[in-house]
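Engineer: Start from the sequences and build out the full structure, keeping to the hints where you can.
The listed protein sequences correspond, in order, to chains E and A.
The working numbering puts the first residue of the first sequence at 961, with every later residue one more than the last.
The working numbering puts the first residue of the second sequence at -13, with every later residue one more than the last.
The hints are simulated quantities; they were obtained by calculation from the structure and are not laboratory data.
As the structure is a prediction and not an experimental result, all values here were calculated from the model.
Note that CB positions come from ideal geometry on N, CA and C, so glycine has one too.
Hints may be right or wrong, so weigh each one.
[Claimed, not checked] Estimated spans, in silico, between C-beta atoms of each pair:
#1 N83/A - N1051/E: 49 to 59 Å
#2 V91/A - N1051/E: 46 to 56 Å
#3 G116/A - K1111/E: 23 to 33 Å
#4 N83/A - T1026/E: 52 to 62 Å
#5 G312/A - T1024/E: 51 to 61 Å
#6 L109/A - A1030/E: 24 to 34 Å
#7 G116/A - T1026/E: 36 to 46 Å
#8 G965/E - K115/A: 41 to 51 Å
#9 F286/A - E1099/E: 44 to 54 Å
#10 E1099/E - E322/A: 31 to 41 Å
#11 T155/A - R1088/E: 36 to 46 Å
#12 L109/A - R1088/E: 30 to 40 Å
#13 P27/A - A1042/E: 48 to 58 Å
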Amino acid sequence: MTRPGDILLSVKEISLRFGGVRALTDVSFDIHEGEIFAIIGPNGAGKSSMLNCINGFYHPQEGTITFKGAERRQMRPHEAAAQGISRTFQNIALFKGMTTLENVMTGRMLKMRATLAEQALYFWRGRREEIEHREKVEEVIDFLEIQSIRKTPVGRLPYGLQKRVELARALAAEPELLLLDEPMAGMNVEEKEDMCRFVLSTNHELGTTIALIEHDMGVVMDLSDRVVVLDYGKKLAEGTPDEVRGNQDVIDAYLGVSHD
Amino acid sequence: MLYREAGQFKTSYSADQAMLTIPLDRWFVFALAAFAIVGVPLLASEYLMVSILLPVLILSIAALGLNILTGYCGQLSLGTGAFMAAGAYLAYKIATNITWLPIWVVIPLAGLCAAAIGIAFGLPSLRIKGFYLAVATLAAQFFLLWLFVKVPWFVNDSISGVPPAPPRTVFGFQVTGAAAGDEAKYLFVLAFVIVLAWIARNLARSRIGRSWMAIRDMDIAAELVGIRPLPTKLSAFAISSFYCGVAGALWAMCYINSVEPTAFDINRSFQVLFMVIVGGLGSVLGSFLGAAFIFLLPIFLNSAPGWFGYSVASDTITHIEFMLFGVLIIFFLIVEPHGLARLWQIAKEKLRLWPFPY
Ligand SMILES: Nc1ncnc2c1ncn2[C@@H]1O[C@H](COP(=O)(O)OP(=O)(O)O)[C@@H](O)[C@H]1O
Ligand SMILES: [Mg+2]
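Structural biologist: See the structure below:
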């Protein structure tokens, strides 16, 4: 199911250090429009750090990131969001005191324009915008089948549903590039299947490009068009799931080591 | 409110989005407002109106302000008294120097000045959080009060330093100063309360309110969805200080009828903080419940023994008061951070399905 599109994001020779720890060394890869791209590797390989560089949480010491043809090295997360990059976190990063609906509405934040006065009076654009964006948010809520928990504070939801709400918030922003950090970690089989289904339909129906980190090799092989393997911060291999699976370095470094 | 929420279905997003989602709730609020405007001035005694409702309403505005900053945006502040003082002193300065300016313009203007000061003292919030921010706002509390007392310019070089509130009228009725009528004062303050509560509720359900809550709940994730932390926090400081400034101005002009520094000392900051904690963090309704509760509790404790024919020494009452406050604060902080407002909601949820809980 390879669908080679134009290059959406290109990572070139990225190196990231924390003091003496080399989290990433000279990593390069391209993510094409419309594909599901997986980043795999053992714990501590630097996968999360890679996503953090892409969306501006970490600033690599060397290398460049090109998104939609524009090159950059440093960027704040809210700037990345404004350019169309959304993400979810390995450890859920939801707004615990807010309801599902409010959380997902925050995904629309950057698309809202009402001035302070319009919001204070809930008048004209202040009111119209809330309703327009609510409609969009309801589409996402239907898409991810979380209608019944709309008004529940997310802090009270079980883990699996929280992960889903986090995906909903990311989708509400209508991102061009969606970064998912271990979307299925800690889920039971049923929840994993649901999440796989949602990831696939996001890609197929909404056409969103997805970069995801996943431990479960089965899931990675099923979902992704292409895979990059990291180990100790270095790129070990890149290619289709089948190519990567056959790569001897990968078998030694990753598949042979652990299956957590 | 003894009506049911079950069976009330919404058919459009705009209806669901509406401020008070159940029609009966909306009617209840309208009825309450109508009663406050028409019924209270006709029925209430002078004591009730001037000594109870007036201060409770003004403190509700301050509690709304602190709730925006602490309850919604998660930035702890101990500088409420100072921001109220800023409103009071600047309202006095503006009212006495631009005498043609209507008082209902002077007070929001003083609020704007307080907002500017709030922004200045909110700047450290980008770097420091929680306890350390609270200490920084405490510095604001002491510095500002010291400034207003030390610089005679603020009180037009008044010898006593405690000038009386200038008499001002609205529609020909005097609303400020000692000579103002009770009803006029009460209605003047009530107008501010209604408008400011409505605006607070609107802000809370709009983009800005969600940005505040996002910063409060997880500032890293807030940046992720495109919220810029500094402008968001500063907007909370500004709007919060505006509310506190208006409250301080009304307190000086309409309630104590003079501009007095002791009215805005650190005790005031704590009093308003207690109101917000007991009433409910992040709740407009809670700001009112908390203000009424904290203000009325000492009055109740003082008069309750008398109703039953007991007499209790006043220092004993003060001790009981302190103990009760302590217990309440701990209870609400640990057990129910959403305060009285949440207890009210739970009671309603129970009632909604009563007597069949399924
Ligand atoms: N903020 C940070 N400060 C210091 N070290 C970090 C930080 N983030 C990641 N690291 C280090 O970088 C390495 C890669 O971590 P990470 O990207 O989380 O790995 P993965 O997601 O592949 O498990 C680890 O050694 C980790 O300790
Ligand atoms: Mg990780």
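Engineer: Determine which of the earlier numbered hints do not hold for this structure and return their numbers in increasing order.
Structural biologist: Every hint satisfied by this model.
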